[in-house]
Amino acid sequence: MINDVSISYLIFLMPLLVFAINGLFLGRKSDKAAAAFAVAGNGIAMVSALIVAVHYFSSTFAPQKAVLFDFPFLSFAENFAAKIGLLIDPLSVMMLVVVTVISFLVNIYSIGYMRGDRSAGRFFSILSLFSFSMLGLVAATNLFQMFIFWELVGVSSYLLIGFWYHKPSAVSASKQAFILTRFADSFFLLGIVIVSYVVQSFDFFTLNGLTLAAFKKETIDLGLMVVSKADALIIGSILIFTGGWGKSAMFPMHIWLPNAMEGPTPVSSIIHSATMVVAGVYLVARLFPFFAVCGNSLTLIMWVGAFTMIFAAVIACTQKDIKRILAYSTLSQLGYMMFALGACKTGDAVIATGWTASTFHIFTHAFFKCALFLIAGSLIHQVHTNDLDAMGGLRKKMPLTYWSSLICVLAIAGIPPFSGFFSKDEIILAAFQGHHYVVFGLAILTSGLTTFYMFRLFFLAFHGAPRSESVKQGHVHEDFFMTLPIVILAVPALLSGLLGKGIFEHYFVPGRLRVPQLVLLPHAEWIPYVAVAVAAVALLIAWFFYASPKAKVERALDESNRSALYKVVYHKFYFDEMYYAVVRQFVIGGIARVARFIQDYIIEGILAFCIWFIHKLGDLVRYAQGGNLSFYLGTLIIGVLLWRFLGQLPF
Amino acid sequence: MTLMNCLILAFLLFGIGVWGLMRRRHLIGMLISIELMLNAANINFISFAYFSASDSTAGALFSIFVIAVTACEMAIALAIIVSMYRRYKSLDVEQLRDLHD
Amino acid sequence: MDTLLFNLIWILPLITVLACAPISAQKETLLKTIHATSGTIVLLLVGYLTYRLYTLGVDSAAKESAPLLLHYYMDIPWLHMFNAHYIVGADGLNMFLLFLTAVIVWGGILVSWNIKGNQKVFFALIQLLATSVYGVFMSMDLVLFFVFYEMEALCMYLMIAGYGSGRKDYGGKKLTLTLAFGSSMILATLFGLYFESGIYSFSLVELSKVTLPMDFQMWAFPLMFMGFAVSSSLFPFHFWSPDGHSAAPTAVSMLAAGVMMKMGAYGCLRVAMFLMPEAAKIWLPYVVALLIFNVVLGPFIALRHKDLKYITAYSSISHLGLIFLGLAALTPVGLRGASLQMISHGFLTGLFFATIGMIYERTHTRDITEMGGIMRKLPFLGVGFVIAGFAGLGLPGFSGFIAESNIFIGAFQQDSTLTRIVTVLAILSITTTAVYILQTANRMLHGNMPAKYETLTDATFREKLVVVVLVLCLLLIGVFPGWIADMLDQSIAPMMRW
Amino acid sequence: MYIPNFIIPDLLLLLFPFIVIGSRLFCTDRSKVPWRIANIGFIAIFVLLNFIPLSGGVGRFFITNWHIDDFGVLMREVLMVSAILGIWLAKDYFEHGGDGKPAMHQIAEFIGTVAFATFGGFTVVSACDLLTFFLGLEIATIPMYALAAWNKRDQYGSEAATKYILMGSVATAFELFGFSYLYGFAGSIHFDSIQHAVASGSSPLLWIAVLFLFAGIGFKLTLFPFYTWAPDVYEGAPTPVTAILSVTSKATAIAFLVVLVYGPLSPIKEQVAPFIALLAGTTLFVGNLGALKQSRLRRFMAYSSIAQAGYIMVALLGDAVMGKTAIIYYLFVYAISNYLAFFIFGIIGHHREETFDSLRGLSKQKPTLAIALAVAMFSLAGIPPLAGFFGKFHLFFSGASTGHYGIVAFAVLNNVLALYYYLQLIKSAWIDDTDEHLNPLRMTKRQRNVIVLLTVAVIVLGVLPFLSDNIFAGFTF
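Residue numbers (this note's numbering), protein chains in the order written: chain W, 7 to 657; chain H, 218 to 318; chain E, 3 to 500; chain U, 834 to 1310.
Where hints are given, some of them may not hold.
Unchecked claim - Per label pair, the in silico range of CB-to-CB distance:
#1 E:Gly484 <-> W:Tyr580: 49 to 55 Å
#2 E:Leu477 <-> W:Ser36: 23 to 29 Å
#3 W:Gly49 <-> E:Gly484: 30 to 36 Å
#4 W:Phe581 <-> E:Gly484: 43 to 49 Å
#5 U:Ala1032 <-> E:Asp4: 55 to 61 Å
Unchecked claim - Only some residues are given here: those of chain E computed to face chain U with a beta carbon under 8 Å:
#6 Tyr159
#7 Ala182
#8 Phe183
To be verified - Capping the alpha-carbon separation at 30 Å, the derived lysine-lysine pairs in DSSO-like fashion look like this:
#9 E:Lys118 <-> U:Lys1197
#10 W:Lys38 <-> E:Lys466
#11 E:Lys118 <-> E:Lys379
#12 E:Lys283 <-> W:Lys223
#13 U:Lys1197 <-> E:Lys29
#14 E:Lys118 <-> U:Lys1199
#15 E:Lys308 <-> U:Lys1260
#16 E:Lys283 <-> W:Lys235
#17 W:Lys38 <-> E:Lys379
#18 E:Lys466 <-> W:Lys173
#19 W:Lys622 <-> U:Lys1260
#20 W:Lys622 <-> U:Lys1126
#21 E:Lys308 <-> E:Lys466
#22 U:Lys1126 <-> U:Lys1197
#23 W:Lys622 <-> E:Lys170
#24 E:Lys466 <-> E:Lys454
#25 E:Lys170 <-> U:Lys1199
#26 U:Lys1278 <-> U:Lys1260
#27 U:Lys1199 <-> E:Lys29
#28 E:Lys170 <-> U:Lys1260
Since the hints were derived computationally from the structure, they do not count as laboratory data. The beta carbon of each residue, even a glycine, is placed where N, CA and C say it ideally should be.
Based on the sequences and whatever the hints tell you, model everything.
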């Protein structure tokens, strides 16, 4: 077990420090200093994370859970308190490493990418805040802490996506991202409240150790219905998953992710690889035993994941914006991870292959996806457009980028021996072992699609004749700061599978999970071959269409004479439009109108009526003051009679 | 001639005064009506003093005082009415409409 | 010694007013300096006393103030006719509210540095308002409490009328009269408390020792609770606040939304619920129904508004709704959440109105559709506003999140169906809050900037100071909630009488 | 116990008018002598009154019907305060006004009349039989008729006076009628014996008497629906007279009711209570309603004072100690606030016509005046910490002490209505920007001093406990 905790503090303190210092002072003074400080800070964080990791995995203690530190934050009752701490187990250590490494490299990359931007200082500061929040989320020892950093992740992504706040598209994209995730988070919070009310604890240990049997007896009133506490837990688990649903941009809350491409590319890469979207998967993986006992919530998770996987892959095949293609590929990969977690449930039994596979895929995916985005970024930086139409023929101009992107593409395509192969293979296996044959088929199919669209992107970008002026005139070159991280990342993209497999098989042992009726099933040896075969076929198709000597690339690219189906897919099934129409206009707008109507007409109306009525009475009184003496004298007499009858005088 | 008769007489007198007050448009007429009402009260005093009251001097005394007081009240009233007549050149109450809401 | 200092809190502003009376209105700088200094002194004073109270702890509370754990307790006979005493004292809750007030007043003075019109009168009125609020938060005798409580109506209207903008008269009247309506409801019940309690006393401490007759409680509690709730803009008595705020000058908006609206909630807790717990237990679960408007519809209304101050006003309405949700929970966590929300929302909305006022001074419009991209010209104010916004939508790290999480968890422990429903709706409506806050921030700060704003200049040092202090307060509670929560728990514990 | 020297202030006040008016024989119209005498004399009497210990001592004089209890003494003080402020207010009208010529003439007679009216009040509070009582009321009322008609040339003045005296006499008739029945019922005019009679059993006679008495006094106290004269007369009469009317005659009338209700009628107070509550409620409601949409200051003040009368009636529901205390205290603060308002209106009226519009932009031109106005209005509206609030608090307290929460709540809610129209006034002073057609305002030194004095008084009197405590200490019975 690690004996000095102080190093682990560094992991969190450094990014926070960078955020504070850059945000308050350095950012305004000089961008260079800010950048240097950011890189240094994140570097230290990375190193200390690696040290912690090495300590942990080399110690005999692994893979037990441990809590390095746990500060009391807010107590709600005896032993029902929210704490801020660092939880150490294989999963969190892995994530710590991934996050710190990725954010370190992205910081380096940003030196090149943000060069000359007016507010680079602000960028570096928020970027560190981003990684800090993610680290806090990863290290969470309890739901409350997780939610705190969950929100911080959301807000820093908002700030980064909308970094160029003078671009309306960027602003609206950031708003959409924040609000959609916030929408999901509100359910997350509700889930936390319900679960914590039932269990009287936020602690992951407690939650993961639960058995529903204890809660069958008492009932709880959820307002609309009265259910047993066990059912309340199941509802709560689904609500909690909803948080992950939105954060990981699962269908139908996926639309913010592609739009988030409006932000600077380093941001996209860090969002997609390490910091934001995997948070959802991480949440489910972290609470896996809890979900496992909570009825069929895992099955729901599986289907959500599977559908998103195929859905995104299909869209990705038709897109032209290079970053959007990558975005949809991320969606599809996240779908893999999600359903892998979900697929662990077979009837009442739970197989944990999926859990291992999913975490493994988080690990491998992080590297190559980050690399791919950085590559896209440098391409865009050179060609000044996101559009594949304008690229092509970059192989000669950017050799390093070319080769490293080849590695990454092969990795994501799941061709052995690249990293993607191992993790994806595990996932498909999990689906098979869980007897979810439909999902299994979809997974195989999607791996084919993945290979197709990734190679489509690859060929269109690098092969063929140059289609843009800047490439032809040959201004294109490789920036050192931007290429270095790509090359560095290519290495884990290549190897992390091979090396990682061992670690994951050993440490991420399902047996360690405290899951009831855990069954272990033998491998199905033939699955990898099938997967690879499909991938290879897809590769050939892609080559045939976009790279082969007699490929009509122009014809493949032009939009006219497309089938209606293609158009629908190309427009992402018109989801943005539907979202806009339904949610913005109908739901929010509608309720808002009604509310405003109630306020302005009903309430104010009643008020106005009261005032009017009082004034009318006043006029009555003043009308009596006509100045007519006879009438005045009359009032004396009337008064006497009036009080004689109304005065309740006993006679 | 009993107490009740006197009371009824007084009450009628009072009523006549009120009625006159309502009907009259002429200030002097109104003053006279008021006089009637005051005298109705006087009759009450006298008759109570005569028939029932344990301390009968008080009633008589009272009525005398009332007459005195009424006298000066009327004096002032007439003074005011005179000053008013200077303005309006008439004594019709209908003209007193300048002060109103 | 501390007790004397404690009394200085509300006396000092008065002394300042008297000291400024002879000075001619032309010497504006001198006057402003005096007022600013006195504001600062009071702020430091309150800070010191808060610290003292924190260090002293519960056990040194005044014995004679039991069951309440009051420090700086002082009891002097005042009006013998109705046995009204001058009783002051403070526990954690009061102290924090006093601190909040001190900060807001101090900020208000600095913010309205170059206000149009007769500054002498204006600052005098601010100090009077401060006095009344301080008084409310320290007085433990109902007559004294009420005197201070209704005093603010006197200042509010004059300030809005004399120094406001837009529909001054309408807004000012609406505000003053609605508040007066509320306080008249309270006044009516005060007499009842005095005579029905059978001990003929207005002292909170004394009254809390007797249990009032049930039939009296049943009609008195709703009357009093709603009376207080009026000034916290609980539906259906919320209508005064948007118009009032939009008409008021910046400092008044800050004070009104930041502090005055807390006085109502504080009264609900400290007087109505504390003295009539039995009735509270019966009534509050139904009061919750009203919150559906505050908490759920309020944000939506804010969504449809273009005027910054209206938006902020409706956000205040929804946030104050959360306070009542916490109160209605009748659980320690809920009450603690409510108290935290009072404090946190004070700072939060103070920051909101401060930044809005500063921006308004520069752009001369509060219509967000006419603004845009001014983040580029006013980075500091922009950031200030965004921080306020994030704090408002309950971002962890700021006090709002702490308060809201307490309220939600606390309210969920109250297992009446209605409360549950409202709690769920409230939790889900954090999205709406996010929607209108982001929409506002984006429209105002982001996007393309109209050319006419090229000449804008960012905040002066004074303004920066105010913003920074307010943000620090928000962060302080948000990052280290533990100790505040403990002090609040101690002061709430004796009030849990149901 | 027999304390003859209690009578000295009364005797002084009785002599006083003759001295002042007599002094006119030796000096000219313009001379300051009568004014000086008056000033010194009134203040002297006020000071003397303060020497009488409030210990419930009772002296009997003349026809054994003149008794002085502490309620009487305090009422005397109220009346004297009103008289002093009244002549101070009037003083400026006898000097040259805005157009150079004095607005009113014959200050000596004026002061004398005021003194008579005040003495009438004294008589009412020290009467212990119906006759003295009646005389007191008349002595208090008849000078008022004269005062209302003080400006012979003024058309409005004479109309107001006509209306006032005609209706006043009718009211007197009602009252006298009531007295006669009361005498008939009790067979005596002495309060003690009447009280015994009432205690021993009631009869229709008694109730008719009560009805007529309330009608008659309701006229002077401007209760609903007998208030109709007030707006016209208040508007028509000269401003100082209006002020004196609204304080002195109201004080006298309420004193009359107090003496009656806590004296002879105390045995049937329980049965009368609903009637009083009804009167109070209707009066304050109607008064508030009437004031809502006024544009002329004095008419506005008329309605507000009608409403105030209603509030005062609420206190009559309480038992003797609380009721008397509340009423005395309230009359003090009401007198001060009211006179403060009238002083300001006086200044306005000197240079402009007395309407709301003349107040425009006051806060810009004369901040002091604007603040004083706000203070006066808020005090009348009963906003703490001003004296008016504590006054109302006393009243409602007394009303609630016998469990009449309903009427108290109603009265308290009406405060909101009242606040509304007082705010109207403050609005025109604080919000509406000035228009240059208005003549500039000038304040003499005396006016400024008095206004400051009264403002301070309004602010501190409520908060400082001594006043209410002293009054309270007074009632030892």
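So, going through the hints one by one against the coordinates:
no.: 1; hint: E:Gly484 <-> W:Tyr580: 49 to 55 Å; in the structure: holds (50 Å)
no.: 2; hint: E:Leu477 <-> W:Ser36: 23 to 29 Å; in the structure: holds (27 Å)
no.: 3; hint: W:Gly49 <-> E:Gly484: 30 to 36 Å; in the structure: holds (33 Å)
no.: 4; hint: W:Phe581 <-> E:Gly484: 43 to 49 Å; in the structure: holds (45 Å)
no.: 5; hint: U:Ala1032 <-> E:Asp4: 55 to 61 Å; in the structure: holds (59 Å)
no.: 6; hint: Tyr159; in the structure: holds (6 Å)
no.: 7; hint: Ala182; in the structure: holds (5 Å)
no.: 8; hint: Phe183; in the structure: holds (5 Å)
no.: 9; hint: E:Lys118 <-> U:Lys1197; in the structure: holds (12 Å)
no.: 10; hint: W:Lys38 <-> E:Lys466; in the structure: holds (27 Å)
no.: 11; hint: E:Lys118 <-> E:Lys379; in the structure: holds (25 Å)
no.: 12; hint: E:Lys283 <-> W:Lys223; in the structure: holds (27 Å)
no.: 13; hint: U:Lys1197 <-> E:Lys29; in the structure: holds (17 Å)
no.: 14; hint: E:Lys118 <-> U:Lys1199; in the structure: holds (17 Å)
no.: 15; hint: E:Lys308 <-> U:Lys1260; in the structure: holds (28 Å)
no.: 16; hint: E:Lys283 <-> W:Lys235; in the structure: holds (25 Å)
no.: 17; hint: W:Lys38 <-> E:Lys379; in the structure: holds (23 Å)
no.: 18; hint: E:Lys466 <-> W:Lys173; in the structure: holds (28 Å)
no.: 19; hint: W:Lys622 <-> U:Lys1260; in the structure: holds (22 Å)
no.: 20; hint: W:Lys622 <-> U:Lys1126; in the structure: holds (10 Å)
no.: 21; hint: E:Lys308 <-> E:Lys466; in the structure: holds (26 Å)
no.: 22; hint: U:Lys1126 <-> U:Lys1197; in the structure: holds (25 Å)
no.: 23; hint: W:Lys622 <-> E:Lys170; in the structure: holds (24 Å)
no.: 24; hint: E:Lys466 <-> E:Lys454; in the structure: holds (24 Å)
no.: 25; hint: E:Lys170 <-> U:Lys1199; in the structure: holds (21 Å)
no.: 26; hint: U:Lys1278 <-> U:Lys1260; in the structure: holds (27 Å)
no.: 27; hint: U:Lys1199 <-> E:Lys29; in the structure: holds (17 Å)
no.: 28; hint: E:Lys170 <-> U:Lys1260; in the structure: holds (9 Å)
Violated hints for the displayed structure: none, as all numbered hints are satisfied.
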